[in-house]
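For the sequence shown, the numbering used here begins at 2 and goes up steadily by one.
Hints listed in this document are in silico derivations from the structure and should not be mistaken for laboratory results.
Using N, Cα and C, we set each Cβ at its ideal position, and we do this for glycine too.
One should not assume that every hint holds.
[To be verified] Straight-line distance between alpha carbons at most 20 Å, and here's what the computed SDA-like set of lysine to any residue pairs gives:
#	residue 1	residue 2
1	Lys48	Met71
2	Lys48	Asp235
3	Lys48	Ala213
4	Lys48	Ser278
5	Lys48	Asp270
6	Lys48	Glu93
7	Lys48	Arg31
8	Lys48	Gly211
9	Lys48	Asp74
10	Lys48	Ser69
11	Lys48	Ala38
12	Lys48	Ile90
13	Lys48	Gly72
14	Lys48	Tyr15
[What the hints assert, rightly or not] What follows is a set of in silico ranges between Cβ atoms, one per label pair, in the way DEER data are often shown:
#	residue 1	residue 2	range
15	Val45	Ser322	37 to 47 Å
16	Ser321	Arg152	43 to 53 Å
17	Ala142	Pro325	17 to 27 Å
18	Arg153	Thr185	13 to 23 Å
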Amino acid sequence: MTGAAPYGRLVDAYDLVIFDLDGVVYLVDRPIETAVAAVHRLCVEGKPLAYATNNASRRSVEVAALLSEMGLDARPDQVLTSAAAAAEILAERFPADSPVLVVGAEALRAEVRAVGLRPVGRVEDEPVAVVQGYGPQVGWADLAEAALAVRRGAEWIVTNTDRTLPTPRGPVPGNGALVAVLRTALDREPDLVIGKPGPALFTTAARRTGAARPLVVGDRLDTDIEGAVRAGMDSLLVLTGASTPWELLHAPVTARPTYVAEDLRGLHDPARVARLSGPAPERALREPGWRMIRDEAAWVLAGAGSALEALGVLCAAAWSSAEPLGSVRPANAEARAVLETLGLLGSAGPG
Numbered sequence: 002m003t004g005a006a007p008y009g010r011l012v013d014a015y016d017l018v019i020f021d022l023d024g025v026v027y028l029v030d031r032p033i034e035t036a037v038a039a040v041h042r043l044c045v046e047g048k049p050l051a052y053a054t055n056n057a058s059r060r061s062v063e064v065a066a067l068l069s070e071m072g073l074d075a076r077p078d079q080v081l082t083s084a085a086a087a088a089e090i091l092a093e094r095f096p097a098d099s100p101v102l103v104v105g106a107e108a109l110r111a112e113v114r115a116v117g118l119r120p121v122g123r124v125e126d127e128p129v130a131v132v133q134g135y136g137p138q139v140g141w142a143d144l145a146e147a148a149l150a151v152r153r154g155a156e157w158i159v160t161n162t163d164r165t166l167p168t169p170r171g172p173v174p175g176n177g178a179l180v181a182v183l184r185t186a187l188d189r190e191p192d193l194v195i196g197k198p199g200p201a202l203f204t205t206a207a208r209r210t211g212a213a214r215p216l217v218v219g220d221r222l223d224t225d226i227e228g229a230v231r232a233g234m235d236s237l238l239v240l241t242g243a244s245t246p247w248e249l250l251h252a253p254v255t256a257r258p259t260y261v262a263e264d265l266r267g268l269h270d271p272a273r274v275a276r277l278s279g280p281a282p283e284r285a286l287r288e289p290g291w292r293m294i295r296d297e298a299a300w301v302l303a304g305a306g307s308a309l310e311a312l313g314v315l316c317a318a319a320w321s322s323a324e325p326l327g328s329v330r331p332a333n334a335e336a337r338a339v340l341e342t343l344g345l346l347g348s349a350g351p352g
């Protein structure tokens with residue numbers, strides 16, 4: 002997809018770029034080639050960068066090492082993880098050597114240990130808190146111990162609530178899916194959710210670097226983009242991970258990005274990024290090559306141009322309408338092809 006931005010290179014308007022990782026730079030541990038090339042270019046240029054991830058299965062030093070293996074010059078102090086943030090919160094709330102029941106990967110246990118607390122795995126250890134993060138080996142027995150501990154009064158802290166995790170094979174259950182299991186079993190909400198969409202990871206990155214105008218880049222509307230909105234920061238949604246064009250059209254005002262791009266090439270190439278914020282009524286009707294027409298039954302996309310330009314017009318129409326956009330009909334073959342590319346042809350819902 003290609004589009005048009007109303008100015009020069011997007012990244013030059015910001016003094017810090019904060020990247021999500023899964024679905025933006027890589028998928029699990031497989032690099033997204035266009036993304037790595039785009040980030041590498043920023044590294045060479047000396048652009049201040051930070052990485053903020055909800056994935057609690059790796060420590061900052063491990064994430065930095067993984068990025069370095071991909072050819073990116075990354076330092077541990079540039080990486081903010083929900084696991085480290087959760088451990089810091091626990092250390093503020095409980096005395097040293099307090100037992101904490103850890104549900105998640107070894108990285109989360111290591112972060113808990115690093116702040117002077119004692120990771121445990123059974124309710125008989127009388128944990129003062131349960132901290133729950135993503136771990137590929139988490140099973141029923143782990144969740145059962147956590148449920149028992151919370152019922153006995155342990156504080157329940159979760160690193161994040163991402164429902165899915167993007168992988169090369171498609172989305173798989175994320176930590177939010179396992180949090181939902183405990184939520185159902187306990188009939189209650191967690192006491193505290195640490196990661197995105199909370200703004201703390203983003204504001205910490207800006208504070209560490211002294212940035213005045215950061216840009217958040219993510220693939221999830223309900224975590225990355227909503228977190229940026231809460232932090233008062235501009236954001237770029239890339240379509241290489243979790244969120245889809247249909248979800249973008251129906252995003253609530255609290256989770257709407259400033260820009261959208263197919264991938265991280267949009268940071269460098271104005272033709273590969275579309276600005277979505279700004280006055281809506283005029284943009285809802287027309288962009289170069291595309292226009293939206295309202296008939297008695299539905300919106301109709303007409304004209305010709307790139308899929309990214311069309312997506313900008315569709316977002317403007319959806320976000321300025323008092324009613325849900327619903328399905329969009331193509332007026333011609335070009336519009337039909339673009340709607341099919343975006344996964345919106347005949348779509349009345351996600352998928």
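Cross-check of the supplied hints:
With a C-alpha separation of about 18 Å, the suggested pair Lys48 and Met71 falls inside the 20 Å cut-off, and the hint holds. A hinted pair counts as satisfied when its Cα atoms are at most 20 Å apart, and Lys48 with Asp235 qualifies at roughly 17 Å. For a cut-off of 20 Å, the pair hint linking Lys48 to Ala213 stands: about 14 Å separates their Cα positions. For the proposed pair Lys48 and Ser278, the alpha carbon gap of about 25 Å is over 20 Å, so the pair is violated.
Of the supplied pair hints, the one linking Lys48 and Asp270 holds, its CA atoms being roughly 16 Å apart against a limit of 20 Å. At roughly 33 Å between alpha-carbon atoms, Lys48 and Glu93 are farther apart than 20 Å, so this suggested pair is violated. Among the hinted pairs, Lys48 with Arg31 is inconsistent with the structure: their alpha-carbon atoms are about 24 Å apart, more than 20 Å. Of the pairs offered as hints, the one joining Lys48 and Gly211 holds, with about 13 Å between alpha carbons and a cut-off of 20 Å not exceeded.
For the suggested pair Lys48 and Asp74, the alpha carbons sit about 11 Å apart, so the restraint of at most 20 Å is met. Of the pairs offered as hints, the one joining Lys48 and Ser69 holds, with about 16 Å between alpha carbons and a cut-off of 20 Å not exceeded. Pair hint Lys48 plus Ala38 holds up; C-alpha atoms about 14 Å apart against a cutoff of 20 Å. As the CA atoms of Lys48 and Ile90 are separated by approximately 30 Å, the hinted pair breaks the 20 Å bound.
For the suggested pair Lys48 and Gly72, the alpha carbons sit about 16 Å apart, so the restraint of at most 20 Å is met. For a cut-off of 20 Å, the pair hint linking Lys48 to Tyr15 stands: about 9 Å separates their Cα positions. As the Cβ distance of Val45 to Ser322 is approximately 43 Å, the hint placing it in 37 to 47 Å holds. At about 48 Å, the beta-carbon gap between Ser321 and Arg152 stays in the expected band of 43 to 53 Å.
Hint check: Ala142 to Pro325, Cβ distance near 43 Å, so the stated range 17 to 27 Å is violated. Taking 13 to 23 Å as the suggested C-beta distance range, the pair Arg153 and Thr185 conforms, at roughly 19 Å.
Checked against the numbered hints listed earlier, the structure breaks hints 4, 6, 7, 12 and 17; every other hint is satisfied.
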